[in-house]
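Chains as they are written, first to last, in this note's numbering: chain F, 244 to 549; chain H, 329 to 595.
It is worth saying that the hints were derived from the structure and are not from the lab. It should be emphasised that the depicted structure is a prediction, and the values quoted were computed from it without experimental measurement. Positions of the beta carbon are idealized from the N, C-alpha and C atoms, including for glycine. A hint or two may mislead.
Unchecked claim - Taking lysine to any residue and the SDA-like style, the derived pairs with C-alpha atoms no more than 25 Å apart in a straight line are:
1) F/Lys440 with H/Asp494
2) H/Lys379 with F/Gly393
3) F/Lys392 with H/Glu370
4) H/Lys379 with H/Leu361
5) F/Lys538 with F/Val463
6) F/Lys440 with H/Phe345
7) F/Lys274 with H/Arg430
8) H/Lys521 with H/Val500
9) F/Lys274 with H/Asp494
10) F/Lys439 with F/Ile536
11) F/Lys440 with H/Leu353
12) F/Lys439 with H/Ala351
13) F/Lys440 with F/Val342
14) F/Lys392 with H/Val364
15) F/Lys440 with H/Arg589
16) F/Lys392 with H/Pro378
17) H/Lys379 with F/Gly403
18) H/Lys379 with F/Met400
19) F/Lys392 with H/Leu361
20) F/Lys440 with F/Ile345
21) H/Lys379 with F/Asn396
22) H/Lys521 with F/Leu546
23) F/Lys538 with H/Thr434
24) F/Lys455 with H/Thr346
25) H/Lys521 with F/Ser436
26) F/Lys455 with H/Leu338
Said to hold, decoys possible - Label pairs and their calculated CB-CB ranges:
27) H/Met467 with F/Phe530: 30 to 36 Å
28) H/Phe345 with F/Ala448: 20 to 26 Å
29) H/Ala393 with F/Pro442: 56 to 62 Å
30) F/Lys335 with H/Met499: 51 to 57 Å
31) H/Met499 with F/Glu450: 46 to 52 Å
32) F/Pro442 with H/Arg589: 28 to 34 Å
33) H/Gln497 with F/Arg270: 22 to 28 Å
34) H/Glu370 with F/Lys335: 39 to 45 Å
35) H/Ala351 with F/Gly403: 17 to 23 Å
36) H/Leu581 with F/Trp300: 36 to 42 Å
37) H/Pro518 with F/Gly496: 49 to 55 Å
38) F/Ala269 with H/Met499: 15 to 21 Å
39) F/Trp534 with H/Gln497: 36 to 42 Å
The primary structure of each chain is shown beneath.
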Amino acid sequence: MSNAYLAHQSDSPERQPPQTSAAALAREERKEDTTMLLLLLPALIMVGLLLILPMCWLAVQSVQTEDGFSLANYIRIFQEGIYWETFALTFKISFLVTVLSILLGFPIAYAASRAQGFWANLILVCVIIPFWTSVLVRSYAWLVLLQRKGLVNQTLMDLGIIDQPLNLMHNTTGTVIGTLHVMLPFMVLPLYSVMKKIPQDLLQASESLGAKPFYTFRRVFLPMAAPGVMAGSILVFVICLGFFITPELLGGGRTILVSMLVQRNVELYHAWGAASAVGLVLLAVVFLIFWGINKFIPIERILGAR
Amino acid sequence: MNTLANLRQLRVSHVVFTLVVAAILLYLIIPVLIVVPMSFSEARFLQFPPKEWSLRWYEAFFHSAEWMSAARVSLITAFATMVVSLPIGMAAAYAINASSLRIVRTLQIILLLPMMVPIILIAAGVFFVYARVGLISTMTGLIMAHIMLALPYVIIALLAGLRNFDMSQEMVARSLGMNRFRAFMAVTLPQIKPSLVSATLFAFITSLDETVVALFISGGDNQTLTKRMFTALRDEIDPTIAAISSLLIFASLLLVVIAGRSKGKAR
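Next comes chain H alone, as it looks inside the complex:
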């Protein structure tokens, strides 16, 4: 009798626990899922579920010169950020991993500062400096700021790969006469490819997603997609945002799959 009661209690608590977990997961995933059907709604005002379906918000996005220009600025910035931050981050991650100098740990923390300093303060500071050197509303300024912001993510992703890699392999290649750079390119790099892929994704996403700094320093013809979206959301809710959001969700799904596959291959 007693065991039966115990068993029943265990089962009840199990069911309750499962329901709680399911509810929390719904809280996490519903906001992402809800945007997609909304983007196909005919209505001007927000409603869910939509009564009639249409592609008008996608048309509104692709036919608007302003949205298109913002998307172009964001993509160019993200691409440039990725291309520049990867080699710079790689060099730094290599040194952090290989060097036993005590100062390197301090320098590593300095390189992680962009993750620690509140983003609003970075935005205000960069804005202040850019205003004095004339980099406000320029692509150069935007890309430089995004490289700085992406660096810690790139370094962290690459360090994870380097720490699991046996550096003596590179030593062997060097002792056989390759110079350090060639040994790195031929021996080390191919073997840390999964972390290279995630570093690339992180750099791209960090830039594409970055809003606060862009809000302060991008402007005119060089406004990012995020800045335009933020302004649109603050002023009045334009359903075009739902279409853009769906496209972004699709893009991030794609990236999750790519990241997952590169990790899967590594195993």
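Next up, chain F with everything else stripped away, as it sits in the complex:
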């Protein structure tokens, strides 16, 4: 059978007129395309049924009231203080966490990319182990560390830095500390992979031409690391916008974010219209960010698919 196939392949140009061959090729190509689309189908059905359909349903829900179509749920977001204040706080915290994760993530990614063997591995292990550890476990650990008589307060008091225990949790401080801990690996890992690819030769070339280390860093290293910073920042910011678990546990119900607004509207008040509108505004913001950044870095790259 295999021989026949090969024979057919090699003979065809001479025996058949070129037109037929072109038609056969086109038919073959169409068949190939259909096969590919069929292979994609099961995954598309899952995402369609369990993600896109629910989103559409929420969209319908958000503009439907007893008296028919109404934008009341969206108007309320802009009119009622609690709603837009929650959005503002969510943006503020997400922005703060993103900036902090650049500040803390850059040095460790840099160190890991320049270190050799054992030390590079040690740094990466310290980033990857928390990354793979359940967010719940880490939130639990922070609840223990940050409580009034927790390790952080005790250490600070023993060192004589503070006289009274600080309120580190059930407020915005706790939310930021815990959220940053979850987000930091999302910054470090893309940064590391970009920095690792920066050739040492370029930096040496700059220095051999008389540039001071800081100048080399600023003019050669930083521009080349910039795409990594951008990818990491987008990822961190977007995940922060919809983050629920850690802010809920460490914020102690006092730092209300958009995700909690959605959850409370659904679970406590069964206010589907309000929950849907709030959620969809959040979704629109996220999509706008991805759409805007797509021109500079393809989305697939940011999500690690490229």
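With chain F's structure known, arrange chain H on it following the hints.
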């Protein structure tokens, strides 16, 4: 003189930089490390370091019918998610890699949507749909939602392998008479094994770790471990959580090692 001063300055900045890096790494790793000794504490209230040691929280976990049932639900769900999402994700990743159709790029982004849409919104949406079709608090519903959530991770991991694989090898096998599926199984699959391993791990972990959707749609006898842990953490801090956390940390360490080894072999 001048060079000496420069050198000293360089060394000082080096030391400062090392200290800063060490401090950040401590911030990252301490919360993970602290949980383990706490799980062996005798005390009912959180304290560190523990004054007396015991295994009572592990006993509390393994002897509690509720915790055990939650652990069983989580493990079954994670296993089922893994088994179903792998072939579905494999088919999709294969098509994304092999096809040059323009629409495929759009379809790929659609398949990545579960990573982009805020999880709280997915949870609310799935809850809303499930409430209408009676899938709330069922294993089927939970597993289906987790498959959808795991798919992008599976596809990304497999794509990484496929992109580094030379597809003409599969073509050769096909030209020698194997059908496409057999050629794939015999030639391609064995060579992308490392990415298959990481896709498997990702599928399993995504499901095992997933909290927000489970919080909304799992319930009754089919509550996941994460839902029970979350509720326990919100209401009052039960040290049993420390024991469960330690077990989970141990499990994730194991997975990091497995992932590391499969990558090492690939090199």
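task: Decide if the proposed pair is consistent with the structure: F/Lys440 and F/Ile345, CA atoms, cutoff 25 Å inclusive.
output: holds, 19 Å
query: Should the hint that H/Gln497 and F/Arg270 are 22 to 28 Å apart at their CB atoms be regarded as holding?
result: holds, 25 Å
- request: Verify the proposed pairing of F/Lys440 with H/Asp494, using a straight-line Cα cut of 25 Å.
  value: holds, 23 Å
message: Hint check: F/Lys455 vs H/Thr346, CA-CA at most 25 Å. Holds or violated?
response: Given pair F/Lys455, H/Thr346 holds - Cα atoms ~20 Å apart, limit 25 Å.
Supplied distance hint 46 to 52 Å, evaluated on CB atoms of H/Met499 and F/Glu450: Once the Cβ atoms are compared, 48 Å apart, the range 46 to 52 Å for F/Glu450 and H/Met499 holds.
query: For the pair supplied as a hint, F/Lys392 and H/Leu361, is the alpha-carbon distance within the 25 Å limit?
result: Answer holds: F/Lys392 to H/Leu361 is near 19 Å, not above 25 Å.
message: Given the hinted pair H/Lys521 and H/Val500, is their Cα-Cα distance within 25 Å?
response: The given pair, whose Cα atoms are some 20 Å apart, holds under the 25 Å limit.
message: Between the alpha carbons of F/Lys440 and H/Phe345, is the straight-line distance 25 Å or under?
response: holds, 22 Å
query: Is the hinted pair H/Lys379 and H/Leu361 satisfied, with a Cα-Cα distance of at most 25 Å?
result: holds, 17 Å
- prompt: Does F/Lys392 pair with H/Pro378 here, judged by a C-alpha cut-off of 25 Å?
  reply: holds, 13 Å
message: Does the beta carbon distance between F/Trp534 and H/Gln497 stay inside 36 to 42 Å, or does it fall outside?
response: holds, 38 Å
task: Below or equal to 25 Å on CA atoms is what counts here, so check F/Lys538 against H/Thr434.
output: It holds: about 15 Å lies between the C-alpha atoms, which stays within 25 Å.
In the structure shown, no violation is registered for any of the earlier numbered hints.
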